[in-house]
Amino acid sequence: MEWLVAAAIAALTASGVYLILAQRTYTVVIGLGLLTYATNLFLFATGRLAVNAPPIVGDPQAPHTDPIPQALVLTAIVISFGMTALTLVMAVRGYFESGGDDVDLLGPEEEVAKERR
Amino acid sequence: MSLLLIVLLPFLGAVLPALMIRSGRDACAISAAAVNLLALVLLLTHAPAVLRGESPRVLWRWVEALGLNLSLHIDGLGLLFAALILGIGLLVVIYSRFYLGRGEAVGNFYTYLLLFQGAMVGIVLSNNVLLLLVFWELTSLASFLLIGFWGHTSQGRQGARMALAVTGCGGLALIAGMLLVGRVVGSYELTEILASGDTLRRSPHYRWALGLILIGCFTKSAQFPFHFWLPHAMAAPTPVSAYLHSATMVKAGVFLLARMWPVMSGTQEWFDIVTSVGLITMLIGAVIALFQEDLKGLLAYSTVSHLGLMTMLLGISTPMAAAACVLHIINHAAFKASLFMNAGIIDHETGTRELGRLGGLLRWMPITAGLAMIAAASMAGLPPMGGFLSKEWMLEEAAHTKLWGADWTLPLLATVAAIFSFAYSLRYVRGAFFGPRRDNSTTPHDPKAGLRLAPAVLAALAIAFGLFPETLLGEVVRAATRGLVGGAEPKFELALWHGPNRALAMSLFAVVLGTLAIAAYRPVRRLWRQIPVPDGRGIFDWALGLLFGSSRAINELLHGGSLRLYLTTMLTAVLVMGGWAFYRHDFGRGMRPLLEVGWVEGAVWGLLMIACGLVVVSHRQRLVAVVAIGAIGLVVSLAFVRLSAPDLAITQIAVEVVTLILMLLALYFLPKRLRQEQEPGGGLGRALVSIACGLAVGWLAFATMTRDFESIAGEYWRRSLPEGGGANVVNVIIVDFRGFDTYGEIMVLGIAALIIFGLISGMMRGPLRGTLARWTSGEHYSPSRHPLLMVVVTRLMLPLALIVAAYLFVRGHQMPGGGFIAALVVSIALIMQYMASGFGWAEDQISFDYHALIGGGALVAGATGIAAMALGHPFLTSGFGHFHLPLLGDVELASAMAFDLGVFLTVVGGVMLALAQLSNLGECTRDGATNSEPMDYPHTSGQGGHSRQGGD
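Chains as they are written, first to last, in my numbering: chain A, 3 to 119; chain B, 1421 to 2372.
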């Protein structure tokens, strides 16, 4: 199982990095999303993998997994939604401001401002 | 307590002038003066105890882990400096009222002045060096505001920048030095550091600490070779110069040297460096001062010279020399502040400070001239002024100190400095008040009493200190010396006349030669002009230019406006560093046994791999990419299910739904077709970096997962049920153990939603409004509208979904669930209404405001925390109990649930605000038209009405 999870993290990271190196805003946002999955899985995996051992207090003899990475990842999932939403809206606004969806500045900021006028 | 008040009063009072300026300049000045006076009176109440030899102190533990305490004390040295700062501060406040004109921003001026004053008092009363450093930096910042007060002049701006750059850099060195001292001594409390002189001097870090602290002191008190900033700071209004360069800013450096004297001095390094630097500064400052044409320039270099004198006396390292330094600090403050104010009056009355255009003012301004002569005589070291005493003392100490391996160097060079010191004082008086008038364009006269008051008081003190030194200053100097040397002060008695001795002979010699130098000023000046002098300003500008140029070059190289380049640089750097770490340490697989893989897991994993490949290959087909992302999210949720993380699984799947809707909404606005990108090098580099990152992270994860570890969760595990009252440890961690973190997280989410709101509102209202109104997505949509079946089903689903959410919420403490998950479920249920019935209709039905939800949630969560404080527990401590309710039976209620409710509200508000705002944006486009009908059938106009949700 560890092999599978590690390979999944590797695949998600590689595709995420590949996409954030793109020039289009939407592609970069998708890449960030993939990196989020990879990071969350990685963080989760630092608690080591366990099957049928949910972190719920019950039978003291039953195995249980580490709850801390799970608590971290839970908030990370919600925060990453906020980040995705924010970057998407920035992409939308950037598109309307500049007329394109290129992630790079057209030139010095003054030039962009001039064009807008 | 009153110690803290002395420090805080100027800071608190700084608000007053800014407010009182509405009531006029008088009210403004009176408020500033009142604050200042109050602090001074409070300070003087401590004087009797301090003079008796006590040193009151107060201590509030602050950041103990760092050794940073709010720790103040007052001893003789602190008392003297604080009295100078507050006393001269009061005079400067009065003087400024009459100096600054009607058009000046007087309120700002007094605010800056009080801020600066508070920071200075903080430095001299701190009993913790970290606290001292904080105040030290504050003086740099406040002096920047003061020096740059006339920001409309380029000199004002440049002078302020230069002062900030030089003293700021010195401040950094000082921080490093103090941290070293703290490490060696083991405490940042000044009292403990002062008691550990031997430990420090024997430490191998002593030289580093000494060097760094000296850089800090020398930059602040304008010692050679950092002296060049001080004359440029003369662009400040004259009251500022009078304050900063007589009693405060530059004296901070001297103060710190004196403060560290008991622990740092006494070594050969200290003696050589401090004495030499002080001597050179004293000499250079005095020589340059003689050839200045600007009155303030002359006084500026004279200040440099006198600061050198004090530094030199501290360098000599004998208690007697230290006592001489203390006396000179007092005298210098009196005469230099008086002279600066005098120069200000001349400037005010004649409109110039150029010595070449002044002259003969004695007839027009006799009182001003008289005051100037008294103060200048003190500066020159003539009897019966205070300056005479300290200069004689300095010469006496110099006369029996051996420097650079010879007996005669120090006395000789000190005498040379005294010659120039006498000469420039004479030149000030003669140039301004005697000789012919060179400029008749104005008719100057003595100013009003208000402007004269402060310099007159100071000049009177300059005489009084000379005539009755023992009565007025004896105890003060002894107490300050006691504080400075950290032990018993040497035996001395202050007196004007010590009989004929070596120092007197040196003084007489200086007076004669100084007079000759002024008599033969023109040839001497011609000689001076032939000596090439390196221009400090030029070197500074050159160094600054070099710094800016190289930073710009590095910036252009790494961050030249291309995100790809920038990210590639960062990722490559991380890869190289990570690779180095891998290489240096054991990076093989660990010994932990692996888990079995079943065919279901294998199949799901395969799905993930296919989806990843799909996103990369076809990311230009945006819908395909969105579907693939959805698949990936699903697989991740399944992984959480399998790997014992039910909370995560539910959260992930719910977030997935919301994210997909969001992406579809955003896609509506973004360009529909993505061009093939221009790939430098065919995208090979990009692919290589990606694959390397993937392999590195994957291997790191594998290496981590295959090693055993000691979790810190054991404590949470034990305390979860008995103390948190919950069986679901993940939830208890989120809402209870690490509740403060969660509180921060929901704030971030709420703020992100508000930023989204702001960004989109800005589009709908700002200059983009027109662009939006003309914009159309250019797609053709089905004219048939919301399917009836969907509308009906979603409405039936709504109450069910809400019940599920309530259930998840309530059980969250014991079983998988909780505020985050419940919030997402509610959001999805609401979004379904939007999608099925149309945005306009759904918006009309929802009667609450998403902003209020975000704010309310934050308030509820915060109130839970504060409630715990009200009961005497730390912030966010939880409590729980079992209650017997009718019908429901025994119910456990935990205060953490109230916190979770706050989380719930904020998350619902945040998610819904973001989505609703994107929908709102659609209303502003040409495609947009609000449909307020719950559902409708094929419309009369085919174009006008269709859903904007998921309309890609």
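Derived from the structure by calculation, the hints contain no laboratory data. Just to be clear, a hint being listed does not mean it is correct.
Which residues of chain A face chain B? A partial, calculated answer using Cβ under 8 Å [said to hold, decoys possible]: (1) A8; (2) L34; (3) L36; (4) F46; (5) R50; (6) L51; (7) A64; (8) I79; (9) L88; (10) V91; (11) A93.
FRET-style restraints, in silico, Cβ to Cβ [stated by the list, open to error]: (12) B:F2295 <-> A:P62: 29 to 35 Å; (13) A:S100 <-> B:R1972: 39 to 45 Å; (14) A:S100 <-> B:V2037: 40 to 46 Å; (15) B:L2027 <-> A:S100: 21 to 27 Å; (16) A:S100 <-> B:G2026: 49 to 55 Å; (17) A:S100 <-> B:T1992: 38 to 44 Å.
For clarity, every value in this text was computed on a predicted model and none was experimentally measured. Note that the Cβ used here is the ideal one computed from N, Cα and C, for glycine as well.
Evaluated hints:
A cut of 8 Å between beta carbons decides the hint on A8 (chain A): the least distance to chain B is about 4 Å, and the hint holds. For L34 (chain A), the interface hint is violated, the least distance from its beta-carbon to any beta-carbon of chain B being 11 Å, above 8 Å. Because the closest C-beta pair between L36 (chain A) and chain B is about 7 Å apart, less than 8 Å, the hint holds. Using the Cβ-Cβ criterion of 8 Å, the hint placing F46 (chain A) at the interface with chain B is satisfied: the shortest such distance is roughly 7 Å.
The interface hint given for R50 (chain A) holds, since its Cβ lies 6 Å from the closest Cβ of chain B, which is under the 8 Å cut-off. With its C-beta approaching chain B no nearer than about 5 Å, L51 (chain A) sits inside the 8 Å limit, and its interface hint holds. Taking 8 Å as the C-beta contact cut-off toward chain B, the hint placing A64 (chain A) at the interface is violated, the least distance being around 11 Å. A distance limit of 8 Å between C-beta atoms decides the matter here; for I79 (chain A) the minimum to chain B is near 5 Å, and the interface restraint holds.
Evaluation of the L88 (chain A) hint against chain B yields a held restraint, the C-beta minimum of about 5 Å falling below 8 Å. Restraint check, V91 (chain A) versus chain B: the minimum CB separation of about 5 Å is within 8 Å; hint holds. Given hint, A93 (chain A) at the interface with chain B, holds; its Cβ is 6 Å from that chain's nearest Cβ, closer than 8 Å. Against the hinted window of 29 to 35 Å, the Cβ-Cβ separation of F2295 (chain B) and P62 (chain A) comes to about 32 Å, which satisfies the hint.
Separation of S100 (chain A) from R1972 (chain B) is about 25 Å and departs from the stated range, judged on CB atoms against 39 to 45 Å. The hinted window of 40 to 46 Å between S100 (chain A) and V2037 (chain B) is violated, with their beta carbons roughly 28 Å apart. The hint said 21 to 27 Å for the Cβ distance between L2027 (chain B) and S100 (chain A), and at roughly 38 Å that hint is violated. Distance hint check for S100 (chain A) and G2026 (chain B): the Cβ-Cβ separation is about 41 Å, which falls outside the suggested range of 49 to 55 Å.
Against the hinted window of 38 to 44 Å, the Cβ-Cβ separation of S100 (chain A) and T1992 (chain B) comes to about 28 Å, which falls outside the hint.
Violated hints for the displayed structure, listed by number in ascending order: 2, 7, 13, 14, 15, 16 and 17.
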